[in-house]
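**Student:** Sequence:
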Amino acid sequence: SDWRQLPVMTDVIQAGGVLWRGIVVWDKTASARAPHTGYFRHQAEYIVWGSTGMLEKVPGGPFPGVITERVKPAEKLHMTGKPVRVMDELVRPLADNARVLDPFMGSGTTALPVLARGGSFTGIEL
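Numbering (the working numbering), first residue to last: 716 to 841.
Possibly wrong hints are sitting among the right ones.
Label pairs and their computed distance ranges (CB to CB) [what the hints assert, rightly or not]: (1) V799 - G776: 18 to 26 angstroms; (2) R719 - S746: 18 to 26 angstroms; (3) L841 - A745: 28 to 36 angstroms; (4) H751 - T837: 35 to 43 angstroms; (5) A789 - T837: 41 to 49 angstroms; (6) G768 - R800: 22 to 30 angstroms; (7) A759 - R807: 32 to 40 angstroms.
Think of the hints as simulated: they come from the structure by calculation, not from any bench. Predicted, not measured: the structure shown is a model, and the values here were computed from it. Just so it is clear, CB atoms sit at the ideal spot from N, CA and C, and this is done for glycine as well.
Based on the sequences and whatever the hints tell you, model everything.
**Tutor:** Below, the structure written as structure tokens:
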């Protein structure tokens, strides 16, 4: 989410019984929109992440806390679509059989790397 939803997102996952583990930044680079002259570019989105229990140890890591990937409008299937490479990076710390919930599923790009690794995916889109 962008900076406006960050406080409520951290509260919501904790209220839902999820252990808040941190925030990862997606740097959309200069491909992100700039509102207008005199403002900072909206080039970062914040991924609030957590778990409902202990995380299994996986090879690799520590993983980067900033993922840099351009927005490619031609590849977006949803208004707020995320590049599959961003989602690939976000699931790297998870075990191959992980269960992932995406409460803002959009076009389902989170599901692709999860299912490719043998995990299970639940997505919600309002």
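**Student:** Hints first: check each against the structure and report whether it holds.
**Tutor:** Evaluation of the provided hints:
1. V799 - G776: 18 to 26 angstroms: Given range 18 to 26 angstroms: holds, Cβ gap about 21 angstroms.
2. R719 - S746: 18 to 26 angstroms: 20 angstroms, holds
3. L841 - A745: 28 to 36 angstroms: For L841 and A745 the Cβ distance comes to about 31 angstroms; the hint holds.
4. H751 - T837: 35 to 43 angstroms: Distance hint for H751, T837 holds at roughly 39 angstroms.
5. A789 - T837: 41 to 49 angstroms: 29 angstroms, violated
6. G768 - R800: 22 to 30 angstroms: Roughly 28 angstroms apart at Cβ, these two residues keep to the hinted range, so it holds.
7. A759 - R807: 32 to 40 angstroms: For A759 and R807 the Cβ distance comes to about 20 angstroms; the hint is violated.
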